[in-house]
Amino acid sequence: MSREDYEAVIGLEVHAELSTKTKIFCSCPTSFGAEPNTHICPICMAMPGTLPVLNEKVVEYAVKAGLATNCEISEDSKNDRKNYYYPDLPKSYQISQFDKPLCKHGYIEIEDENGNKKKIRLLRIHIEEDAGKLNHDDLGGGSLVDLNRAGVPLIEMVSEPDLRSADEADRYLRKLKSILEYIEVSDCKMEEGSFRADVNVSVKKKIDAKLGTRTEMKNMSSFRSISRAIEYEIERQIDVLENGGTIEQETLRWDDVSGKTFSMRNKEDANDYRYFPEPDLVAIKLSKEYIENIRKNLPELPESRYERYLNEYKLSKKDAGIIVSSKYLSNLFEEASEICNNRKAVGNWIISDISRILNEKEMEPNNIPFTAEHLAHLIMLIDKGTISSSIAKKVLEELFESPREPEKIIEEKGWAQISDEGAIKEIVLEVLKNNPQSIADYKAGKDRALGFLVGQAMKMSKGKANPQMLNKMFIENMNNE
Amino acid sequence: MNITELTVCELQEKLKNKELTISEIVDSYCNRINEKEPEVNAFITTYLEEAKNKAKELEKNQTNGEYTGIPIGIKDNICIKGTRTTCASKMLEDFVAPYSATIAEKIDKENMILLGKLNMDEFAMGSSTENSYFKKTKNPWNLNKVPGGSSGGSAAAVAANMVPWALGSDTGGSIRQPSSLCGVVGLKPTYGLVSRYGLVAFASSLDQIGPITKDVRDSAMLLTLIAGKDEKDTTSEDNGSKDYTKALKNDVKGIKIGVPKEFFGEGINEEVKAKLYEAIEVYKKLGAEVEEFSLDIAKYALATYYIISSAEASSNLGRFDGIRYGYRTPEYSNLKEIYKKSRSEGFGEEVKRRIITGTYVLSSGYYDAYYKKAQQVRTLVSNKFNEAFEKYDVILTPTSPVTAFNIGEKSNNPLKMYLSDICTVSINIAGVPAISIPCGVDSSGMPIGMQLIGNKFDEETILNVAYSFEQEIKFREKYKPEFKK
Chain R
1 MSREDYEAVI GLEVHAELST KTKIFCSCPT SFGAEPNTHI CPICMAMPGT
51 LPVLNEKVVE YAVKAGLATN CEISEDSKND RKNYYYPDLP KSYQISQFDK
101 PLCKHGYIEI EDENGNKKKI RLLRIHIEED AGKLNHDDLG GGSLVDLNRA
151 GVPLIEMVSE PDLRSADEAD RYLRKLKSIL EYIEVSDCKM EEGSFRADVN
201 VSVKKKIDAK LGTRTEMKNM SSFRSISRAI EYEIERQIDV LENGGTIEQE
251 TLRWDDVSGK TFSMRNKEDA NDYRYFPEPD LVAIKLSKEY IENIRKNLPE
301 LPESRYERYL NEYKLSKKDA GIIVSSKYLS NLFEEASEIC NNRKAVGNWI
351 ISDISRILNE KEMEPNNIPF TAEHLAHLIM LIDKGTISSS IAKKVLEELF
401 ESPREPEKII EEKGWAQISD EGAIKEIVLE VLKNNPQSIA DYKAGKDRAL
451 GFLVGQAMKM SKGKANPQML NKMFIENMNN E
Chain X
482 MNITELTVCE LQEKLKNKEL TISEIVDSYC NRINEKEPEV NAFITTYLEE
532 AKNKAKELEK NQTNGEYTGI PIGIKDNICI KGTRTTCASK MLEDFVAPYS
582 ATIAEKIDKE NMILLGKLNM DEFAMGSSTE NSYFKKTKNP WNLNKVPGGS
632 SGGSAAAVAA NMVPWALGSD TGGSIRQPSS LCGVVGLKPT YGLVSRYGLV
682 AFASSLDQIG PITKDVRDSA MLLTLIAGKD EKDTTSEDNG SKDYTKALKN
732 DVKGIKIGVP KEFFGEGINE EVKAKLYEAI EVYKKLGAEV EEFSLDIAKY
782 ALATYYIISS AEASSNLGRF DGIRYGYRTP EYSNLKEIYK KSRSEGFGEE
832 VKRRIITGTY VLSSGYYDAY YKKAQQVRTL VSNKFNEAFE KYDVILTPTS
882 PVTAFNIGEK SNNPLKMYLS DICTVSINIA GVPAISIPCG VDSSGMPIGM
932 QLIGNKFDEE TILNVAYSFE QEIKFREKYK PEFKK
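Those sequence lines, one after another, are chains R and X.
Residue numbering for the first sequence is 1 to 481, as defined by our numbering.
Residue numbering for the second sequence is 482 to 966, as defined by our numbering.
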């Protein structure tokens with residue numbers, strides 16, 4: 001058999017930390033990066049006798065996520081205990097949801113390689129608490145437990161095995177991330193682990209209906225690693241089958257450096273989590289009004305913005321796609337356009353220079369340091385003729401480095417455009433004096449000569465001379481000669 | 482006047498009339514504890530010096546309040562900030578609670594004075610208090626006998642007049658059964674009436690804190706104090722700030738009392754039965770309507786109880802893993818060993834038995850046959866009680882099938898021990914309230930308890946029915962613990 005006879009089946013379980021101010025069962029803050037064990041209390045430390053109280057915002061955020069992904073919302077839901085021992089899990093059980101998740105049977109749409117829409121079904125979305133973190137102690141040689149993260153709310157979003165390639169998985173994850181960002185339930189900061197995925201991969205012969213045995217890679221938090229891991233795992237599984245072997249159901253670890261997966265534990269070591277209903281919490285009952293109210297107040301989703309950008313703003317599919325791919329880019333686009341009244345320029349800046357810099361810096365759009373106002377003001381300065389677009393590019397670089405008012409940057413750097421007629425004339429005369437051949441060429445009808453002269457003048461003024469004025473003055477001078 | 486024989490209601494009266502000072506009361510109790518504790522072993526920790534100091538401080542500041550200066554004892558599974566809370570386990574031998582239970586805060590706000598933390602079966606698992614890691618509490622009526630359990634320290638301390646009243650917890654009978662065996666009044670409130678925040682969990686869906694007192698009026702008073710919605714316990718409910726003492730009308734005319742015949746069958750001691758039948762006659766005389774009926778749940782209730790309570794316990798006790806607090810084995814070479822050895826060494830036999838049972842019934846492949854089935858039976862038991870309360874105001878049964886048994890008599894036979902709870906567990910399963918009050922003594926002078934079961938959140942009716950009986954037979958005037966050796 002050949003590789004073309006196989007197809008991959010991929011399912012993803014995405015964990016997203018919800019951006020509520022407080023934890024899911026106590027009032028400790030959820031903010032990232034605090035000193036170890038400073039965001040803790042008797043409840044999230046699982047002191048004997050403490051009880052959880054469900055944070056209502058968590059339910060609201062999860063329902064939002066469910067509605068934004070076309071899920072049914074359960075009016076009757078509950079929490080369950082998932083029992084296992086690990087030092088980062090202080091109660092020795094995680095409060096999660098087992099058989100009655102808050103949201104089920106949803107889907108999101110992605111575009112496949114050919115630009116066709118494809119529905120990826122979501123089996124369920126449930127709420128649960130995050131565990132703490134183990135840190136290796138370099139001095140003592142042991143492990144130290146940091147419980148700041150213990151009790152931070154999560155939603156787990158489980159897809160059906162509808163994905164067929166690493167590329168589709170990547171599109172699905174990016175889409176899911178952008179939806180969560182748009183509805184503002186998670187900041188999805190992958191570098192902080194607030195958006196991470198368990199990846200299930202199996203392969204089967206296309207003619208077979210039955211799914212193959214799957215392997216799982218847990219807690220992956222980089223798009224690139226996920227794609228690479230899936231591609232590697234598909235190839236590895238096909239190789240095993242082609243060589244007459246069988247796939248073991250096991251948990252694997254992806255190693256980014258070697259670009260390979262390694263076995264962590266097999267099915268026999270799998271935990272029996274002994275799920276049962278959490279007796280310390282009452283059932284979650286949601287009214288139809290409650291759910292409808294959330295539905296009504298749901299912010300605009302990327303799909304709808306995309307359509308609007310195509311139809312109202314006449315953006316190209318490609319440009320609209322780039323802008324809506326991130327709520328932060330899209331908001332930047334809308335807010336900056338509103339201020340500077342030059343939607344086309346804002347769009348161009350985002351698609352070209354801003355995207356380029358983000359790529360170079362490997363920066364996520366949510367980490368763009370400057371504001372929409374900064375960008376708008378920058379464009380207004382170009383429109384007013386205060387700076388040229390080549391200077392503007394330098395200002396943009398500066399905005400990424402240390403964001404402040406563009407006007408201030410220009411002033412500090414002395415980048416303001418020279419629009420003083422006397423100064424421009426001085427430059428023009430100097431350039432003409434040094435380039436008699438170009439004057440001759442121009443008079444002989446070679447238009448390129450004008451461009452050359454303007455270029456020389458720009459060079460001389462370090463990019464600050466007003467190009468329109470240069471143009472005009474060169475023509476005047478040469479025609480008058 | 483023997484101060485320690487007074488009820489809290491009487492102490493309040495005498496404090497108000499300035500016949501007694503807080504220090505006089507506290508000193509009397511400290512003396513009594515010094516005298517009787519060596520025989521009874523009811524306390525895990527005492528706070529006698531602290532109590533005396535607090536008494537002086539309250540007097541100096543002329544602090545007033547209904548319960549100011551009233552001493553209390555609290556079962557050692559209820560957290561009080563800064564005090565040791567052991568659950569009578571080696572696992573928590575040195576555990577000092579970093580926070581207070583909601584009811585402990587209420588007690589503190591009233592300026593009551595803590596005399597000590599009371600002995601119990603380890604993690605409240607047991608019916609004799611013999612499962613304490615620290616000591617065996619003796620029954621004040623006969624020191625060779627058990628006080629019952631698991632709140633045996635609380636019941637014995639009240640019976641021995643070492644505290645005027647106490648708080649216990651009841652998961653399957655742990656307040657009522659020891660109260661019955663020690664001849665005092667014990668109330669298990671409706672599930673959800675009293676906040677569980679700060680009560681070290683045994684079985685979360687069954688546990689309730691409740692009062693153990695000398696008489697019914699004190700029980701109503703202490704219940705009034707501790708009941709009500711707590712934002713920290715979402716399973717707690719608002720009771721409209723009821724004053725339960727208002728329910729004590731000493732009148733049962735027209736009250737319908739149902740007597741389930743299954744609770745008077747095999748396994749119930751004849752002398753216990755005889756006393757209960759006498760009690761029934763008393764109620765008839767007082768004008769209540771008494772009727773026998775069938776409540777055929779007892780035989781399922783015990784199995785259901787042990788499945789549900791053990792399942793929840795196996796999960797609740799997972800946090801005692803030697804990582805953050807509590808006992809950790811001194812020698813280990815890896816993580817698994819910390820868990821295995823800390824838990825093997827830190828827990829006693831009965832606790833381990835329940836954890837293993839609970840782990841088993843929740844395991845995949847067994848869940849449906851045990852845990853799920855037990856939950857279905859639980860619904861059935863609740864329904865049966867609901868049906869019964871359509872007809873009756875109160876259900877009357879024995880509290881314990883037998884009077885206090887000898888120390889060591891059942892400790893090697895768990896199944897026999899489990900039968901001690903045969904009359905009480907179904908009440909927890911249904912979540913309804915029940916009170917145990919003494920109704921007489923057997924031929925060897927040991928107290929016999931009567932259980933009055935009420936409908937959900939109708940503590941008033943059982944308190945009134947109990948009070949009427951108490952006023953009629955005046956048990957405390959006739960019988961006193963003798964500390965027989």
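Note that these hints are calculated values from the structure, not bench results.
Errors might be hidden in some of the hints.
[Unchecked claim] Within a straight-line C-alpha distance of at most 20 Å, the following computed SDA-like cross-link-like pairs (lysine to any residue) qualify:
no. : chain 1 : residue 1 : chain 2 : residue 2
1   : X       : K854      : R       : D99
2   : X       : K713      : R       : K100
3   : R       : K100      : X       : L900
4   : X       : K617      : X       : Y848
5   : X       : K817      : R       : K100
6   : X       : K854      : R       : R265
7   : X       : K961      : X       : E518
8   : X       : K499      : X       : I484
9   : R       : K57       : X       : T715
10  : X       : K780      : X       : L900
[Stated by the list, open to error] To be clear about the criterion: a stretch of chain X counts as covered by chain R if any three or more of its residues have a C-beta under 8 Å from a C-beta of chain R, and this derived list gives those stretches:
no. : region
11  : 555-568
12  : 714-723
Bear in mind the structure is a predicted one, so any value in this text is a computation, not a measurement.
Every residue, glycine too, gets a C-beta built ideally from N, C-alpha and C.
Hints the structure fails to honour: 2, 3, 4, 5 and 6
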